[in-house]
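A.B. asks: Construct the entire structure; sequences and hints are all you get.
So the protein sequences, as listed, match chains A and B. Its first residue numbered 1, the first sequence is counted upward by one per residue in the UniProt record's numbering. Its first residue numbered 1, the second sequence is counted upward by one per residue in the UniProt record's numbering.
Some clues are possibly wrong.
To be verified - 27 Å max Cα-Cα, derived DSSO-like pairs, lysine-lysine:
| hint | chain 1 | residue 1 | chain 2 | residue 2 |
| --- | --- | --- | --- | --- |
| 1 | A | K367 | B | K66 |
| 2 | A | K339 | A | K367 |
| 3 | A | K221 | A | K236 |
| 4 | A | K284 | A | K214 |
| 5 | A | K239 | A | K276 |
| 6 | B | K80 | A | K402 |
| 7 | B | K66 | A | K401 |
| 8 | A | K401 | B | K108 |
| 9 | A | K221 | A | K304 |
| 10 | B | K66 | B | K80 |
| 11 | A | K208 | A | K239 |
| 12 | A | K401 | A | K367 |
| 13 | B | K80 | B | K46 |
| 14 | B | K46 | A | K304 |
| 15 | A | K402 | B | K66 |
| 16 | A | K221 | A | K208 |
| 17 | B | K46 | B | K108 |
| 18 | B | K80 | A | K339 |
| 19 | B | K72 | A | K336 |
| 20 | A | K401 | B | K80 |
| 21 | A | K221 | A | K276 |
| 22 | A | K336 | A | K367 |
| 23 | A | K304 | A | K239 |
| 24 | A | K214 | A | K236 |
| 25 | A | K214 | A | K239 |
| 26 | B | K108 | A | K339 |
Claimed, not checked - Here are some chain B residues pointing at chain A (derived, C-beta under 7 Å):
| hint | residue |
| --- | --- |
| 27 | R60 |
| 28 | L70 |
| 29 | A83 |
| 30 | D88 |
| 31 | V92 |
Derived from the structure by calculation, the hints contain no laboratory data. Glycine included, C-beta positions come from ideal geometry on N, C-alpha and C.
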Amino acid sequence: MHRLLSRTVSAARTRSLCVYECCVLPAKIDNVSRPFTGVGANTICTCTVRRCEKKDDAIPSNQGEATNLDTETKTTQLQEESLEANDGGSTQQQRNVKAEQVLSKPSQVKTDGAKSGKKSLLDLLGAMKVEVTSKRKLKNLKMKQSFESAVQYKSKSAAMESTISMFQKANVQASAQSEVLDPDLVAAASAAASTLLNRSRAESELLKQLRQRKALTEAQKKGDINNLGVLIADMKVGKTPGRQNAWPADQIRFDDDGQGYTRDRGITSELANVRKRRNIFPTKRLNIFSPTTDEQRGDSALAKPTLWDLDFANELSLTTNQMPRNGFEEMIQWTKEGKLWHYPINNEIGLEDEASVPFNEHIFLEKHLEEGFPRQGPVRHFMELVVAGLSRNPYLTVQQKKEHISWFRDYFHQREAVLNEADVYLN
Amino acid sequence: MAANRIACMGLNALIYAPKQALRNCWGAVAQARSYYVDWRMLRDVKRRQMAFEYADERLRINALRKNTILPKELQEIADKEIAALPRDSCPVRIRNRCVLTSRPRGVKRRWRLSRIVFRHLADHNQMSGILRARW
Numbered sequence: 001m002h003r004l005l006s007r008t009v010s011a012a013r014t015r016s017l018c019v020y021e022c023c024v025l026p027a028k029i030d031n032v033s034r035p036f037t038g039v040g041a042n043t044i045c046t047c048t049v050r051r052c053e054k055k056d057d058a059i060p061s062n063q064g065e066a067t068n069l070d071t072e073t074k075t076t077q078l079q080e081e082s083l084e085a086n087d088g089g090s091t092q093q094q095r096n097v098k099a100e101q102v103l104s105k106p107s108q109v110k111t112d113g114a115k116s117g118k119k120s121l122l123d124l125l126g127a128m129k130v131e132v133t134s135k136r137k138l139k140n141l142k143m144k145q146s147f148e149s150a151v152q153y154k155s156k157s158a159a160m161e162s163t164i165s166m167f168q169k170a171n172v173q174a175s176a177q178s179e180v181l182d183p184d185l186v187a188a189a190s191a192a193a194s195t196l197l198n199r200s201r202a203e204s205e206l207l208k209q210l211r212q213r214k215a216l217t218e219a220q221k222k223g224d225i226n227n228l229g230v231l232i233a234d235m236k237v238g239k240t241p242g243r244q245n246a247w248p249a250d251q252i253r254f255d256d257d258g259q260g261y262t263r264d265r266g267i268t269s270e271l272a273n274v275r276k277r278r279n280i281f282p283t284k285r286l287n288i289f290s291p292t293t294d295e296q297r298g299d300s301a302l303a304k305p306t307l308w309d310l311d312f313a314n315e316l317s318l319t320t321n322q323m324p325r326n327g328f329e330e331m332i333q334w335t336k337e338g339k340l341w342h343y344p345i346n347n348e349i350g351l352e353d354e355a356s357v358p359f360n361e362h363i364f365l366e367k368h369l370e371e372g373f374p375r376q377g378p379v380r381h382f383m384e385l386v387v388a389g390l391s392r393n394p395y396l397t398v399q400q401k402k403e404h405i406s407w408f409r410d411y412f413h414q415r416e417a418v419l420n421e422a423d424v425y426l427n
Numbered sequence: 001m002a003a004n005r006i007a008c009m010g011l012n013a014l015i016y017a018p019k020q021a022l023r024n025c026w027g028a029v030a031q032a033r034s035y036y037v038d039w040r041m042l043r044d045v046k047r048r049q050m051a052f053e054y055a056d057e058r059l060r061i062n063a064l065r066k067n068t069i070l071p072k073e074l075q076e077i078a079d080k081e082i083a084a085l086p087r088d089s090c091p092v093r094i095r096n097r098c099v100l101t102s103r104p105r106g107v108k109r110r111w112r113l114s115r116i117v118f119r120h121l122a123d124h125n126q127m128s129g130i131l132r133a134r135w
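C.D. replies: In structure tokens:
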């Protein structure tokens, strides 16, 4: 199983603050041509490569197939190159020391460690890419990682424990204080601290943090919150970066003449203020409110038109209606609406279909009296008068006349009882 | 809900629909009216609409009432029926108001205008063919 080199291309703006570390994944080599292979076929090689931004292109990409010796030499070369590129001799010396230490450890690991296809603690730590913007942030990140790794690899084989024990021997001084802590955590802390600049100091701080946390969790377990004050007193006060030039936003500044002026702002300042807060929308939902369903809203909207709907409809009609530009267009509009008569005046407007109806249907309406009405009696007399009047009416359509007659028919049938009392019989 | 609808109708009747200022060929701004002049005019409009709806029915029932042929019992029933119709459906309640000012009196039927408005428009030469009388 070969693992390739992984590079992180840094996009850092300020070199002083951002240090990007790239780690080489360990390469498992089946055939080892080394004099001191006593344990097994597979060996592990861990190396950390540190470089500046300008060195991205220089370093070769693939080292997976090199042997241990080659990797060692290459790493030394790389580190030497990086060291040369870096500024300051003291840092070089420090890094040299660290490089030697780092290299010595892997060699020791090779002697002892017998891995059977599983990552070691160090491998995992080494494989992780770390972005350092401030020391505090790094510490927190490392804490998380160390915790995770420690939790994951708590139950390991004997070989793992041997490596850990080796680490413990190497860092006797540091671990002397933290006897209370878990040895796994200590080992993780030390390994994490090794990647940092100021190794010893970082390690001590890490262990201190671990101790604090352990005390806190124990207190929580016991339910004894009164000791929180003690715990908090020991904690450091955090400071947000950028607090040096902290003028208030609306600070009045004074010119030479004594007149004060505030910075003229628009909407952009508000937006900028909004953006200043790191994240407006937190990553995790609080689940206080349940999401509402839109079904209820939809039914109520259709039920009755609200004032807003009326207003909208009115506005829509106004926008779509094209205003008449002159009197002629206004008259045309009125004619279409029916407010104005059509010119030249047509008396039979709206009655064009009636022109096709023959005159006999208008006049001879007695055939409608044949059914539903009696042949004699006052009712018949009345209906004949009605028909005579309708036949002389030129203003009604045939349909309207029929409707009149049918209405009378229904009316008389409804009041048949009353008519029978008055001795008027409908046959 | 029915009350809401009626209220909406009332509102719709008097709803304000702002329009552009109409200008005649001389550039003078013509009167742009989008409201009914007052509530009395609105009520008159409602009466006219209702009278139009019930016109046929009223005619037929009145034909039954106003004759000497049919038995009187039927005519009495017809009397009661016509009285039961809504009060605004009878055309007698319609008042020919002035179209521009809603004045109930002094309205010339031909122009549907009150005497004051008629005189105003005629003096400003807005009425075609109208002259001041002189003989």
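A.B. asks: Confirm or reject each hint.
C.D. replies: Here's how the hints hold up against the structure:
1. K367(A) x K66(B): holds (25 Å)
2. K339(A) x K367(A): The given pair, whose Cα atoms are some 39 Å apart, is violated under the 27 Å limit.
3. K221(A) x K236(A): Holds: K221(A) and K236(A) sit about 23 Å apart, inside 27 Å.
4. K284(A) x K214(A): Answer holds: K284(A) to K214(A) is near 26 Å, not above 27 Å.
5. K239(A) x K276(A): holds (17 Å)
6. K80(B) x K402(A): Since the Cα atoms of K80(B) and K402(A) sit roughly 26 Å apart, the hinted pair holds (cutoff 27 Å).
7. K66(B) x K401(A): holds (20 Å)
8. K401(A) x K108(B): The hint is violated at about 34 Å.
9. K221(A) x K304(A): Violated - the C-alpha atoms of K304(A) and K221(A) are around 59 Å apart, more than 27 Å.
10. K66(B) x K80(B): holds (14 Å)
11. K208(A) x K239(A): holds (19 Å)
12. K401(A) x K367(A): The hint holds at about 13 Å.
13. K80(B) x K46(B): Status holds; Cα separation ~24 Å.
14. K46(B) x K304(A): holds (24 Å)
15. K402(A) x K66(B): Distance ~21 Å between K402(A) and K66(B) Cα, so the pair holds.
16. K221(A) x K208(A): Satisfied, since the Cα-Cα distance of roughly 20 Å is no more than 27 Å.
17. K46(B) x K108(B): holds (21 Å)
18. K80(B) x K339(A): Roughly 37 Å separates the two Cα atoms, so the pair is violated.
19. K72(B) x K336(A): violated (49 Å)
20. K401(A) x K80(B): holds (25 Å)
21. K221(A) x K276(A): violated (38 Å)
22. K336(A) x K367(A): Violated, at about 40 Å.
23. K304(A) x K239(A): violated (58 Å)
24. K214(A) x K236(A): Holds: K214(A) and K236(A) sit about 16 Å apart, inside 27 Å.
25. K214(A) x K239(A): Holds: K214(A) and K239(A) sit about 23 Å apart, inside 27 Å.
26. K108(B) x K339(A): holds (19 Å)
27. R60: R60(B) check passes; min Cβ-Cβ to chain A is 6 Å, inside 7 Å.
28. L70: holds (6 Å)
29. A83: Constraint on A83(B) not satisfied, violated at 17 Å.
30. D88: This hint is violated: D88(B) lies away from chain A, its Cβ roughly 22 Å from the closest one there, beyond 7 Å.
31. V92: violated (22 Å)
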